[in-house]
Amino acid sequence: MSGDGISGVDGITRHPTRVSSLVAVCAAVLAIALLGTTSAQRLALGVDVAGIAVLALGGAAWHRGHRVVGGLVALAGVGLSLASVGVVVVRAETVSQRVEIAPGLLGPLLVACGVVPVWKRFSRTFVSLGAAFVVLTICLSGLVRGAEMLPLLGAFAATVVAWDAGEQAINLGEQLGNEARTWPVEVGHSGATAVYGCVAVAAAVGFHDLDVTGVPLVGLFALFGAAVLLLVGLYN
Amino acid sequence: MTVRRTRRWRGIVAVALFVGGVGVVAARPLVLLLGVVGAAFAAYPHLTATPEVRLDIERRFGDDSPDDGDDVVVTVRVQNTGDSTLTDLRIVDGVPPMLTVSDGSPRHAAVLRPGKTTEFEYTVGAARGRHRFEPATVVARDVAGTREVETTVDTETELACTGTVPEVPLRQQTEQQSGRVITDEGGSGIEFHQTREYRHGDPMSRIDWKRHAKTGELTTIEFREERTASVVLLVDATADAYRARRADEQNAVAHSLAGAEQMLTALSNTRNFVGLAGIGREFAWLAPGTGPEHGDAASTLLATSPTFSTIPPSESERESGSGKNGENEEWDVQSQHAELQRRLGSNAQVVLLTPLTSPDVLTMALGLEANGTRVTVVSPDVTNEETVGGRLAATERENRMRTLRESRIPVVDWNPETDRLGTELLRAQEGVA
Chain X
27 MSGDGISGVD GITRHPTRVS SLVAVCAAVL AIALLGTTSA QRLALGVDVA GIAVLALGGA
87 AWHRGHRVVG GLVALAGVGL SLASVGVVVV RAETVSQRVE IAPGLLGPLL VACGVVPVWK
147 RFSRTFVSLG AAFVVLTICL SGLVRGAEML PLLGAFAATV VAWDAGEQAI NLGEQLGNEA
207 RTWPVEVGHS GATAVYGCVA VAAAVGFHDL DVTGVPLVGL FALFGAAVLL LVGLYN
Chain C
101 MTVRRTRRWR GIVAVALFVG GVGVVAARPL VLLLGVVGAA FAAYPHLTAT PEVRLDIERR
161 FGDDSPDDGD DVVVTVRVQN TGDSTLTDLR IVDGVPPMLT VSDGSPRHAA VLRPGKTTEF
221 EYTVGAARGR HRFEPATVVA RDVAGTREVE TTVDTETELA CTGTVPEVPL RQQTEQQSGR
281 VITDEGGSGI EFHQTREYRH GDPMSRIDWK RHAKTGELTT IEFREERTAS VVLLVDATAD
341 AYRARRADEQ NAVAHSLAGA EQMLTALSNT RNFVGLAGIG REFAWLAPGT GPEHGDAAST
401 LLATSPTFST IPPSESERES GSGKNGENEE WDVQSQHAEL QRRLGSNAQV VLLTPLTSPD
461 VLTMALGLEA NGTRVTVVSP DVTNEETVGG RLAATERENR MRTLRESRIP VVDWNPETDR
521 LGTELLRAQE GVA
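Protein chains in written order, with my numbering: chain X, 27 to 262; chain C, 101 to 533.
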């Protein structure tokens, strides 16, 4: 864990910071919203968001010392969010509409569980798991051809922004606590990631427009192999 | 300065490979394109540079001389003196251990462009004593949060919460200049001293004419001479003096320094010469003098000299300090005594502030007195009666005070928690004057 050098002084609430937490959840919701365009999918997402809001309220009550009430409200929020998966399964018309969004609905909930935080020791795990569920849903959506190119790429970039903001909220909370004024850094950090995400999406679109996706599968394999080598090279 | 890699973007490579792999296996170009976005994010942490941290820090207090228990607003200004923007700057101010933050947070985060400043404030509850701020810890991350530079920024800041002392009891060892210390020497002055036989050259105004009229003898009235004193405030900051009643309370050196500060102010308001000396980590010395500039110099020395640090020596420092062979120059208390003896003039008197926790300081006080330097001991009491060891220390201290008093050295026994130093000094005044 980073920043051990300045943690460890008492009297500080070391919860994830608010602004980044909000950005994380909103970005995760945005990612799902870009994928799910039918009314049933939107309804399910609405239920999901309502559940997360109730969870946040419960978390706030819990941290103010109302343990029993806060715990019950938070639990109700989690239940409501989980129910959204049921909503999309029941209400969606086709199988592909169900498949492309069902796992993703868990994403914002898990990110929210990480930043509320429900279980502090596993905050980072929750956020990463939430982002993983959203990535999974993006892949499924791409496989069943549920979304257009731009929403798909945008959703992926939003997921990275969500994960980045969630982790930032946690490490800022650990180092500085909730009492400190941290919003300029949070806004700056997430803003930079979002701008970079837009650049990445633009690069991918440019890549697409070069029509390299028209090359045969063997060519794609070669391309992908080269990308793997590049990434391995970057990290060593 | 330490530079760390946070490795927070590690997972993105796996994600990029995963989506790319899915795209290839399922032959979906659109999913493969996600791999491009993933790869771009994998490159993101490599595009940023390690932040270059050059900062200036400044602290201001809402109230420079607060009373015990007052709330003091501390305003911290941090300026980026480097050439690059610090996108993720985190500051944790070094609040002195004995002060508690009552409002706001001594922690702050800011985006700081070159030359710009950021300001934050918090409130501390003042506790009696002198509190030196520790260096602020600064963590700067690059915009992606990949590299983290941790360093400290320091500025000498001290919050002094001290009472005032109306008068310092001085002993009769004076300079030649006239002043306010009433001596036992006869001469001109206000207070009657004695009459003596007329000697040729005595001023006419001092002849006791009434007596001359009555008896025909010529006698001269002598008044007590009023002179200035030259006082050296000596603070005992040896390793043994860093005792505190309880772990969370101030140690005796902090109390001694608070006392020295108060007496310094009181003495600066008189015509007496005041000097400052300290024995501990190293020998600190400021020769007696007067005037506002001298007062400033004394305050600066009190605030900045490592000798007058209220932070107890670490174990390693302590070990090297107690080395009997005197290998370590800085902690060689014997040579510091010798240095003090050498620097004290023949007319200077010493006010020694010590908790009397070691026999060495007793020897030193007796030695100074024996060599003709008048010594007054002001001793903050940090012993506690709760443990057997505490009671033993209290008894030892009592014995040392008795030894000093037997050698006609006045001792002011001061309980810093319950008594104000001024009251104790006034009480002692009657015995000393």
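Hints listed in this document are in silico derivations from the structure and should not be mistaken for laboratory results. Ideal Cβ positions, reconstructed from N, Cα and C, are used throughout, including at glycine. Heads up, a few of these hints could be off.
Just some of the chain C residues that point at chain X, by a computed CB distance under 10 Å [what the hints assert, rightly or not]:
id, residue
1, Arg108
2, Val113
3, Leu117
4, Ala126
5, Pro129
6, Val211
7, Pro214
8, Thr218
9, Val239
10, Lys314
11, Gly316
12, Gly522
Looking from chain C toward chain X, a few residues come up when the C-beta cut is under 10 Å (computed) [unchecked claim]:
id, residue
13, Ile112
14, Phe118
15, Val124
16, Arg128
17, Val131
18, Leu147
19, Ala149
20, Met198
21, Leu199
22, Arg241
23, Gly286
24, Gly289
25, Phe292
Quick rundown of the hints versus the structure:
no., hint, result
1, Arg108, "holds, 6 Å"
2, Val113, "holds, 5 Å"
3, Leu117, "holds, 6 Å"
4, Ala126, "holds, 6 Å"
5, Pro129, "holds, 3 Å"
6, Val211, "holds, 5 Å"
7, Pro214, "violated, 15 Å"
8, Thr218, "holds, 9 Å"
9, Val239, "holds, 6 Å"
10, Lys314, "violated, 81 Å"
11, Gly316, "violated, 85 Å"
12, Gly522, "violated, 34 Å"
13, Ile112, "holds, 7 Å"
14, Phe118, "holds, 7 Å"
15, Val124, "holds, 5 Å"
16, Arg128, "holds, 6 Å"
17, Val131, "holds, 4 Å"
18, Leu147, "holds, 8 Å"
19, Ala149, "violated, 14 Å"
20, Met198, "violated, 14 Å"
21, Leu199, "violated, 12 Å"
22, Arg241, "holds, 8 Å"
23, Gly286, "violated, 64 Å"
24, Gly289, "violated, 59 Å"
25, Phe292, "violated, 63 Å"
In summary, the structure is inconsistent with hints 7, 10, 11, 12, 19, 20, 21, 23, 24, 25 from the numbered list given earlier, while agreeing with the others.
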